[in-house]
Amino acid sequence: MSGAPNRVFIARLAGIAVFDPAGDQIGRARDVVVALAPDDRPPRVLGLTVEVSPRRTVFLPITRVTTIEADAIIFDGRLNVRRFQQRASETLVLAEMLDRTVRLRESGDPVSVVDVAMEPTRTRDWLLAKVAVRRATSRGLRRRGETSVVDWGAVEGFATVEHGQGAAGLIATFENMKPADLASFVHDLPEKRRTEVAVALDDERLADVLEELPEDDQIEILGKLEVDRAADVLESMDPDDAADLLGELPTDQRERLLTRMEPHEAAPVRRLLTYADNSAGGLMTTDPVVVAPDATVAEALAMIRNPDLNPALAAQVYVCRPPTATPTGRYLGTVHFQRLLREPPPALVSGIVDTELDPLRPTMSLEAVATSLATYNLVAGAVVDETGHLLGAVTIDDVLDHLLPEDWRETVMEAADGSADPEEEALRAGGEG
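Residue 376 in the UniProt record's numbering sits at position 376 of the sequence shown, and the numbers go up by one each step.
Calculated directly from the structure, the hints in this document are not laboratory data. Ideal placement from N, C-alpha and C gives every residue a C-beta, glycine not left out. Hints are supplied without guarantee of correctness; some may be wrong.
Here are the computed distance ranges between Cβ atoms for each label pair [to be verified]:
| # | residue 1 | residue 2 | range |
| --- | --- | --- | --- |
| 1 | G153 | A72 | 29 to 37 Å |
| 2 | R270 | A298 | 32 to 40 Å |
| 3 | A172 | P422 | 33 to 41 Å |
| 4 | R270 | A159 | 48 to 56 Å |
| 5 | D39 | A70 | 32 to 40 Å |
| 6 | E425 | D308 | 44 to 52 Å |
| 7 | P344 | T324 | 21 to 29 Å |
| 8 | P190 | E248 | 21 to 29 Å |
Produce the complete structure using the sequences and hints provided.
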């Protein structure tokens, strides 16, 4: 393999761009697939899992990788686009080995796996040769938490089933991954590991991931959390996403979770649950950007600069008389961000508000909402009740989410186009021997 270093620590490969020979990026590396040997021999590396568009994980045989660099992996251009399906004989290094508790053969001391390194052989195979471990307890002059690199044969315990495996190292490896990409990675994990990762994620991050997962995964993960933790995560989700998830649960479980949520967090979710799923009320978020008529252009722009704000919600502000929390005071109209950019910062939003667009009504059907947004080239629209109070806003992403088949997220993740690859099958079959 040209351009290959003598040793590659696998955690450093996570997220690295994968290129074909022409220099076109085809995806990003997610993990390394190995076959554990029946004895103490170092496992053989079979290949990489690579995430390609749209959110599909495929298998790239190690024999097709030509170069591994610090910021890029290059392969020979041959790639089967069938979705990767892990076999019983295969182990994913990052997903299943990181954070494991193993033992040093010589002393019997328990250590936690921080990273694993692979090295090439004379026959152009790659083997797992080194393990970076952190000691859980002090021993002699060694400090607590000291990290060291040992030979593969110096540790034991990878082949045993571990209960209560940590996930801090795995999460740190994918710290900068976007929620949709992390959701795809979590979806591919074995159920046990998926639960461990979910438990280890903080509330905000887990909420973001849940919003991108198929419904079955959402329900499974939520059911594995302590009730109070599940309520905290629901509070961190967008109210409309939390309502969609709660709406799929049995009534007693839904009410138990709503009761554990903070009253001010549960109130908008309860309101959303009163509307039909495919109505404007069921589609809307209750957290649009709302300003009072005496707010300045500068103040409105500052609010939509919030990096945590959904881009569709940041495309406009809604002008309402106080109170500005939904359901608001009287709705006056909308100001689009392009208009804000054209006005002097001290100007008042009340002087530039668009009052000509008819707002959406909460009982409007999904088709009527989609037609309205398409007609006026909007990415979001205000939902206003019959008394003129702003209830929320429907964004184009929520409309698309409901126009697509119910299982579209799972379909994207489970797509399996392409026929069997003889070279890949031979390589992976050899790993089963």
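Contradicted hints - numbers only: No hint contradicted; all consistent.
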